[in-house]
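Residue numbers (this note's numbering), protein chains in the order written: chain A, 1 to 287; chain B, 1 to 158.
None of these hints come from the bench; they were simulated from the model.
Careful: at least some of the hints might be erroneous.
[What the hints assert, rightly or not] Simulated DEER-style distance windows between Cβ atoms:
1. B/Gln102 / A/Lys2: 28 to 38 angstroms
2. B/Arg16 / A/Pro5: 16 to 26 angstroms
3. B/Asn121 / A/His254: 44 to 54 angstroms
4. B/Gln102 / A/Gly22: 52 to 62 angstroms
5. A/Arg44 / B/Ser19: 23 to 33 angstroms
6. B/Cys140 / A/Arg44: 47 to 57 angstroms
7. A/His47 / B/Ser19: 41 to 51 angstroms
8. B/Leu88 / A/Arg280: 52 to 62 angstroms
9. B/Arg16 / A/Arg58: 58 to 68 angstroms
10. B/Cys140 / A/Lys205: 34 to 44 angstroms
Ideal Cβ positions, reconstructed from N, Cα and C, are used throughout, including at glycine.
Each chain, letter by letter, is given below.
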Amino acid sequence: MKPAPFDYRRPEQVDSAVEVLGTLGSGAKVLAGGQSLIPLVSMRLAHPSALVDINRLRELDYVRVDGDVVRIGALARHARVLADPAAGAAQPLLRQALRLVAHATIRNRGTTVGSIVHADPAGEMTAVLALLGGSLRVRSSRGERNVTAGELFLGPLESDVRDDELAVEAALPVLPPSSGTAFVEVSRRAGDYAVCGVAAFVRLKDDGAVAAARCAYLSVAPTPLVLELTDQAADPRAAGEAARAQVQPEADLHASADYRRALAGVLTERALTQALAAARASGAAAA
Amino acid sequence: MSELIDVVLTVNGVPRPLSIPARRLLSDCLRHDLRLTGTHVGCEHGVCGACTVLVDGLPMRSCLLLAVSVEGNDITTVEGLAEPDGALSAVQQAFRDCHGLQCGFCTPGFLTTVTAGLRDNPDPDEQQARDMIGGNLCRCTGYQNIVRAVLRAAELAR
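With the rest of the complex left out, here is chain B:
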């Protein structure tokens, strides 16, 4: 029942061979097995959005995925968003510039969600920016600066 399954997960472009039980959630696999602790776990049942990662470029909740189920997909975590030289991505820079975070717990989920959101809609208006982050909870900022950061990231990327 709790036998280990050999899988190779591709995380931030790197193939990572693993031996894990089927019940391992992707969120736990990233944090515990791969030590990629940038992905945060808030509610662990798909409500808060903190654990959002990109699977083949699409935002998904890593706490609602079995790690063994995403073998063969490209997984991007918050650690994979910066430029290869370590410079912040436009979205990361905008969150910093606009004070789009306070405690930072929810931030990895916002960054991944907004990265994908701006790829689909590079020039959102304010309402579209709010819709983009509708599935992510932040208990500090009141969202105003996060919305500004989304709009600023769109500007920076132009």
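Extracted from the complex, chain A is given alone in its bound form:
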């Protein structure tokens, strides 16, 4: 239960971090909050040859609302993002999701960008990025590129961030007018990984009809699953039935596949009901 030896680097600037990652080659991992990586390394489920510790890169410790985008730097801890009033107002799903990420103690160290790169299909922030169609900005000595949520998640714990790349920022769209979001999940104990979780987004037309609705799912697929539910969302119960028919979860120690499927249906109904109410309230406030 102790990490095996690894080469350790602690750059002070983003440029030098990127340079170090470029020279270390394959097998190097970026250490941000480490709340998922350190247990994996301790249990020797991950064997990085080197860790590049980015906890000194103060320039990446930011959360800001930039026009119609919320930008989260790679060193912004979950707790900081959760407490940011401007980001919370601009995209309410951030707070709705972050309060469900592990325990406060873990949120004090873990980073939002790190949990996205970690690509755990049970992770709340991966679902948020997928649902909102956000993106990740990654940098390497070869240059910089933007990876959309659709391209990012390759499989469980596998994201399209290469060994020599540093994820520097996650970008999420702000909530459009007449829209609402919700995040609900069921876990064995508060703070545990969710047995199933659903994030919902709803946008209404001027006449109150549903213009767009979709849900993202935790723990039911190898990558964050997003279902398009625009046609069903006006009746959340029907949308729940539709979701239940479409998800194909697997059984594990914590829940059977049938139970997960049932939860996906029930939680879809609850999440859409809440998101619809929020969207109506947002439309009414604007009118």
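Position chain B relative to chain A; hints supplied.
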């Protein structure tokens, strides 16, 4: 690979120069290198909360931190919670008064967590007290007396 790195960790206000491998967990560094054995190691993968210490005042799992990574931060362990004259802090006193411990293994993690929790919310109701300790496991008490201790500590601090 296993070369030693020179760092100075600030623990309970005292700068402690150390020469340690990068892979040394903060929990092990505190217990083995600094002989501060008040911090307990239970699960060693971030689930039980026994090893919780304060890093710049915020509770964090010391088993999920590399010691070399917290150079420059202020680390407070359970040994650093008492008053300078050795008197128990309000949280420690409340745990004693309310029998908020039995075997005591989990207690250091509860004390650090609650110390920070009451600083952020000095007047919690019972549900908030339960939320505050939601990330810490205790296998003896059934938590009832720990919740009472949190509420009592808030009273004592007023």
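Does the Cβ pair B/Asn121, A/His254 satisfy 44 to 54 angstroms?
-> At 31 angstroms between Cβs, range violated.
Would you say the C-beta atoms of A/Arg44 and B/Ser19 sit inside 23 to 33 angstroms of each other?
-> holds, 24 angstroms
Per the hint of 34 to 44 angstroms, is the separation of the Cβ atoms of B/Cys140 and A/Lys205 within bounds?
-> violated, 58 angstroms
Could you tell me whether the CB distance from B/Arg16 to A/Arg58 stays inside 58 to 68 angstroms?
-> With a Cβ separation near 24 angstroms, B/Arg16 and A/Arg58 fall outside 58 to 68 angstroms, so the hint is violated.
When you take the CB atoms of B/Arg16 and A/Pro5, is the distance between them in 16 to 26 angstroms?
-> Hint holds: Cβ distance 23 angstroms, inside 16 to 26 angstroms.
Taking the beta carbons of A/His47 and B/Ser19, is their distance inside 41 to 51 angstroms?
-> Cβ of A/His47 to Cβ of B/Ser19: about 25 angstroms, so the range 41 to 51 angstroms is violated.
Is it true that B/Gln102 and A/Gly22 lie within 52 to 62 angstroms of each other by Cβ?
-> holds, 54 angstroms
Okay, B/Leu88 versus A/Arg280 on CB: inside 52 to 62 angstroms?
-> With a Cβ separation near 53 angstroms, B/Leu88 and A/Arg280 satisfy 52 to 62 angstroms, so the hint holds.
Distance restraint evaluation - B/Gln102, A/Lys2, Cβ atoms, bounds 28 to 38 angstroms = holds, 29 angstroms
CB-CB spacing for A/Arg44 and B/Cys140 relative to the 47 to 57 angstroms hint = Because 31 angstroms falls outside the window, the suggested range is violated.
In terms of the numbered hints stated before, the structure departs from hints 3, 6, 7, 9 and 10, listed from lowest to highest.
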